[in-house]
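Assemble the dimeric complex from its two separately framed chains, guided by the hints.
So you can see what is in the structure, the chains are spelled out below.
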Amino acid sequence: MATQAPARKWIGQSIPRVEDPRLLLGRGEYVTDLVLPGMVHAAILRSPLAHARIASIDASKARSLPGVLAVVTGREIKELTNPMPDFGPDPSKHTWWVLATDKVRYMGEPVAAVVATDRYIAEDACELIEVNYEPLPVVVDPVEAMKPGAPLVHEPLGTNVAYSRTFVFGDVERDFTEAEVVVRDHLRWHRSGAQPLETVGAVAQYNPATGMMTIYCNSVTFTFLLFLVANTLKIPSNKLNLIPCPAGGSFGSKFWAVRVPILAGMLAKLVGRPVKFVEDRIDNITTSDHHGSDRIYDVEMAAMRDGTLRSLRVKVVDDYGAYIQFGVGTHGNSLAQVVGPYKIKSVQYELYAVLTNKCQQGAYRGFGSEVTNWVVERMVDLVARELGMDPVEIRRKNFIQPHEFPYTIPTGNMYDSGNYPGVLEKALQLADYQGLREMQRRAREEGRYVGIGLISAQERSVFSSTEFWFWFDQPTGITSSPESVTLKMDPMGNITATLYSQAFWGQSPETMVAQVVAEEFDIDPSQVSVIYGGSAGGLPATGPGGSRFTIMVAGAIQGAARRIKEKMLKIASHKLEVAPEDLEFAEGKIRVRGTPERAMTLQEVAMLAYLFKLDLPPDIEESGLEADYTFDHPYTTMPAPDRKNLGVFYPFVGHACHIAAVEVDIETGQHTFLKYVAVHDAGTVVNPRSLNGQIIGGVAQGLGTAMYEQYVYSPDGQLLTGSYMDYLIPTAMEVPKVEIGHQETPSPFTPYGIKGAGEGGRMMTPAVVSAAIEDALAPFGVRVNEVPITPEKILRWIEEAQAPRP
Amino acid sequence: MADMHAIRVTVNGLPYEATVESRLLLADFLRDHLGLVGTHLGCEHGVCGACTVILNGRTVRSCLVFAVQADGAQIMTVEGLARDSQFHPLQEAFRDKQGLQCGFCTPGMLMRAYEFLQENPNPTEEEIREAIAGNLCRCTGYQFIVEAIQDAAARMAVASR
Ligand code: FES
Ligand code: FES
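Those protein sequences? They're chains S and W, same order as listed. Those letters in the first sequence? Residues 0 to 805, per numbering that gives the first Met the number 0, in order. Those letters in the second sequence? Residues 0 to 160, per numbering that gives the first Met the number 0, in order.
Chain W on its own, in the form it takes in the complex (with noise of 0.2 Å):
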């Protein structure tokens, strides 16, 4: 197979080493060679956000990034979220809140929000919509996972204390 690469990057903590084609979306190389399947592919056109990855300490559309873009890079995935089997405190706020229905934009909307509070400590209503306007959700109609985010944030506030 032509035009191979040899990339390394640190996914959720862990050092990988693969030999990938150029073409190869991160999205697939993450699901498919890593299988790290929490990373969604719902339009793998860069419109719906649904594979929304952290590289590098910013959110990235993994099915717009190829992976020897990400060679030498830390990744962060959905699967980084939690620590040893305890919820993040934005996993906890989505389960209060009911911040999901059937999960598929659930990660990605995580991982925007996870870069958006960092941020963002302290966000209104309005700066979380705007926040998350790129990602996008077609079971909720949002309501719930601004609340879960404006919940996240005073829990976050809190634990930071």
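Isolated chain S, as found in the complex (with noise of 0.2 Å):
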């Protein structure tokens, strides 16, 4: 268990980031802005159909277009690839490839890639690429694509279910039985996805002289699983070096894009010069490998006459798209926080992953569990309107209470800490609670539709690998996932950090390295310089996603300063002819506690430990002051071999209660915000104006889930919102302006008891957003059960709502 240190001089700080001044003069150095000598450009040609076959392809006009310096097909493709790394139940049933081989299975499906001088000249060579193409049966319907005689997106797995299964934890039979309630409902979550300002790229260079394979790129995270990148692309694990570039937003959509990067890659090999390819806006849309998650629930809340939560009854089918690269683990995600912050005894959970003729389903800023917290923040409501209960009634009854952690919820995942009525008391108050009932109950006398949303929910963060693959009986995965630092310390006592994983996605990842280096030296965060790694003579590292990376680079930190500062002490203790456990740093210094004017610089200590090796104590072997310091998942455990529970794999469980009042026009269907207020509780905060602004962010991203944005795909499989004139980002018109409060319980088991705080805001809004439009459409008895909310959602809800029944 991590020490509390009682006063913290930088931890808690909202200092100015670190990377800002960079971004703010047109600085970012983004893969993008790289241009490398002889550097070409590479486009794709991508399918226009949802389903078809390749029966064949002419290339031959591209290839003679002057400037052209390939043309790649699928055809090529499995001499120059193998199959992209798949961490999907069985990926010889549905093969992926860089390029479509034999058929393509969706819209947007890149079937050919062109290398040429510039992208203008690329782009038109795809054009002049001939498909010929035999349209097949599509399937975008996922409850269709189940059915027996569905068309077939893979053949070799003789299904369109590439997993099923359910799972029962608790006593879900007798907690069902012994209910007095049982409420139920039928929900649909929609396709959304992150739509990063910057989409993908890569610039690759390949020395066929050394055979090393570099590559520039923002969009992998996972150093310690290259040698699958290297796999797929023919060559060495340690003849691949991939240098990590700033990213222009990712919210986890560029945590494993790896499709990218494998196609420069490939091309650069191939054509013998540097070669960029950077995904359009309309690539990145169609073809990303990183949709949301698109679910269709039926789902039962048990509960007592009192208010009393019971059990959990989940049947949900999961839309994957045309792949299945990460298997189920966005449900592993859900796993992780099934019950919310209730305790609820028993789940079942029943699985259905299908394949249709989409892209495919990757990372989005919840994983997964945003729905989750959805879907039970949507049954809780509807049980409290069974009951006639006020949505805070219903949540303070059912609470896990503060002493009762660490709790280990039916899944077997363990909530860490916390303290959820504390919360929702700050959350009542900041939004005056009582105000707005009042104002609402007035403004219903007036006649008009405002209501009022309040959900509480869980924010788990770090996730252990074994939530990707527990879903399998057989075989056992990987349980590691650790996160690496270097520290050095130069001789003018000024210190450097290097970091491995592709770490900036729009966080602030160099602002926390420099603070919490600060904190350990008790220096000045602006003596501390961050530098970004490759992977070749790098450490192991799984980057941001799942909330993780601060409190994961916190660790690895906290051990590389631990193995510098011991250095330091040993020196300064025989420089100062004092016992080491008499010193202490302060103030930029080594000084012996009790008499502070006996002092050292670190800059005195450190020009020792590199230039007077004469100086040092006998026992200190090596010049210099650098460590490394690998730091693993801090508190996971391994799924019973019957997988009733499924270990402790995201422990770190941050909570927040959102309040929200809206506005409805039942002419338009459009909504107004009144108020909106979210308190959050992430253990110990690091920044809080930057945590602040994750929130934010994260509510803006939820509103869009909840309100406007969707993949829309036709029945014969187009995708109708295919750019930004019809897949709706809200602005700033449409973002409320956001309330925000803190608690801070700190985890026992972490550096300095943070907990991560990344996805917070898009993991509440849609369940707030959802509760707010409902309760104001309460005089018709609307029941929001889908999202997005669009205004023809709201108008056909009241229209039939209104409707005379038979």
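None of the hints are false.
Here are the in silico distance ranges between beta carbons for each label pair:
| hint | chain 1 | residue 1 | chain 2 | residue 2 | range |
| --- | --- | --- | --- | --- | --- |
| 1 | W | Q68 | S | D431 | 45 to 55 Å |
| 2 | S | V34 | W | A5 | 22 to 32 Å |
| 3 | W | Q117 | S | G387 | 48 to 58 Å |
| 4 | S | H402 | W | Q117 | 51 to 61 Å |
| 5 | S | Q717 | W | R22 | 22 to 32 Å |
| 6 | S | K238 | W | A156 | 56 to 66 Å |
| 7 | S | R795 | W | G71 | 51 to 61 Å |
| 8 | W | A158 | S | F779 | 46 to 56 Å |
| 9 | S | K8 | W | S159 | 31 to 41 Å |
Some residues of chain S that are not near chain W, with every Cβ distance over 10 Å (derived):
| hint | residue |
| --- | --- |
| 10 | P88 |
| 11 | P90 |
| 12 | M145 |
| 13 | P147 |
| 14 | P155 |
| 15 | A178 |
| 16 | M303 |
| 17 | D305 |
| 18 | H402 |
| 19 | F404 |
| 20 | S572 |
| 21 | R592 |
| 22 | T594 |
| 23 | H741 |
| 24 | E799 |
| 25 | Q801 |
Derived from the structure by calculation, the hints contain no laboratory data. Here the structure is a predicted model, which is why all the values come from computation and not from measurement. Yeah, the Cβ is synthetic: ideal placement off N, Cα and C, and Gly gets one too.
In structure tokens:
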């Protein structure tokens, strides 16, 4: 257990972000800004059809266009590459290639790639490629896709159900039998996606003499899994150097987006020149491999008349699209916090992962748990409605209490700490909940449709790798998910921290590292410089995602700092002739406890360490002050063989209460926010301002999911929202002003008691917006069971609710 | 190559001459020909505003303008905002208020804010939200951008006194 330092100097300060000056000057050094000598450009030809056999491809016209260096089609792809890395169930039955080989399985699937001297010519050449498609029947509805006789996305699989299983945790039968109230609903969460403003890109360079492949890339974080990328590229694992570039946003969608770097690498090796490939927006929308969850639920919740929640029965069909690269890891995420903050005793979880003719799923802020939050909160509200309870009362009644932590939920995951009633009270105060209800009462009297939503939900952080495979019985998967850092204090006493994953997505890794290093050594954050190391000389790293980075890097820094500090103490103790235990790091010095004037500056000690070997104590073997540290997940356990207990895999669990007040115009279906309050508990906060930025940004994305964004496919598999004209990202006019509050309940298991907090906004907002809209439409008895809640849907629901019942 | 045109433009005060294809976008001209990569491309279809630059005093989306259309024009990009490595008050305010996260929308946002504060030096929150509604930010949820623009307006008012 981490000991909690009583007072901290830098952790908890809203220092300005270290990253910002270069971004404000237009010097972000994104991958698309990179130019290498002799660099050429790639573009891809995407399939216009959702499902078709590729009868023939004629690229001769494209190849003869001046400026074209190469055209690669699916015909050549098996010579140039191995299949793409795939963590799904039995990949040999749904093999994924970097370009479609025999048939296309969704609109937008790449069928050919062109390399040319500039991007314009590469795109011209794509238009000259003649592909002869034989259309096949299309399946876009996952329920249809499950039926016998449905068109098969992958014939070798013999079905479109890539995976199905029913998990039972606890005594579900008993809890439902004993329940006094059971509510049921059919819920629909449509597919949306991260849509970072910067797309995925890579610049690859291959040296045929050394066999070294260098790929600059904004979209791959797991450095210890890069041997899989090397395998796809048919190069030895020690001949790949992936150099991380800062990303212009990710929200999960760049944690392992390997198609683009693999494509660039394959082409660079083929043409012998550096190749840049950056998705355009249409590529990113249609074929990013990172669409979000797309789920159809039938849910039952069992409760007692007094409002006590007993059990949850979930049947979920998830439309994964044409491939299933991460298996059903998004449901592992769901199971991490499937009971929410409540003492629900048992859960049944029946899962069908279905393949259809759509772009495959990947990661999007929440990684599936945001959907579960929405489902649980929707069902709790339904129980409250059934019992005539206030949403506040039912939550208060069922919360896990502060003294009950660490708390193990029925699935086996553990919640480390929390104070849910405390967060609720803060939110009620901040929102003036009673005042809002009063305002609502008056508005209703005036014939206005004002609604108030209140939700309380979890934000798990720091996944363990077991999340990705426990849904298999066999084989057993990996259990490591480390993060590493190298710390170096130079002879001037300045510190450089090297990070190894693709760490910058728009959060604040450099700021956070500077604050933590400053805390450890008691120096100023401005004395810390942060750089990003390539994978070839690098240490194992997992990167951001699953809100893990701050905790994991803080742990690595503490480990590396400890090693450096021990060495410095030995040197200082030798010099000052004082026992190391009597020395302390304070105010940029090593000084004698109680006699602060007896001290050496860090610079003095560092100079000795590097330049004066003969002044060092004899037991110091090496000059210099540098330390590596690889920090492994601080708390994870194995799933039980029968999977009735999944072990601890996502244990640092934050919490939030959001309250929203909206007014709905029942003539147009439009809504206006009157209030939006978010109170979060993310354990110890490192930089409050940047945490607030993450929360508000997440609220904006959650609002997109709740009200605006959807990848809409037509029945013949055409993506109808393939541009920002139709895929509606909230603007400054739609996103409400968010009032934020914090409660800090430190984790007993993490460095400084920090909990991850990058996803919370999006994990809360769909639920609170749904509740608020439903409450606004309460006079009609409308039930909100689908997102996005478009104006058309609001009008339709009102109409259906008013229609005379037979 | 067909269809080449000689153009002259002034960008951030410096004159440039170039021969370009008529289909070359202004954004690509700035980025690939002049090396001014601070102007970003988010959508290339005129919706996101990341590529916003100032052309003869008005913001344009440089993904919707051909380089040849800028012949003879005065252009300002994000690289022209700071003077002698001194941040513009807008940049200072964005830094202090954390009006950015990934920074990809930021150059376009700064250009739009620069134009807007010239039109309206003392805007309300609502007016700012409306003014930047054509610039998408996927990271921040806009609130700190709005605060930054308000703060910049105050700083600029002080500076011009
Ligand atoms: S890139 Fe020009 S508006 Fe999006
Ligand atoms: S800061 Fe990332 S898009 Fe605005």
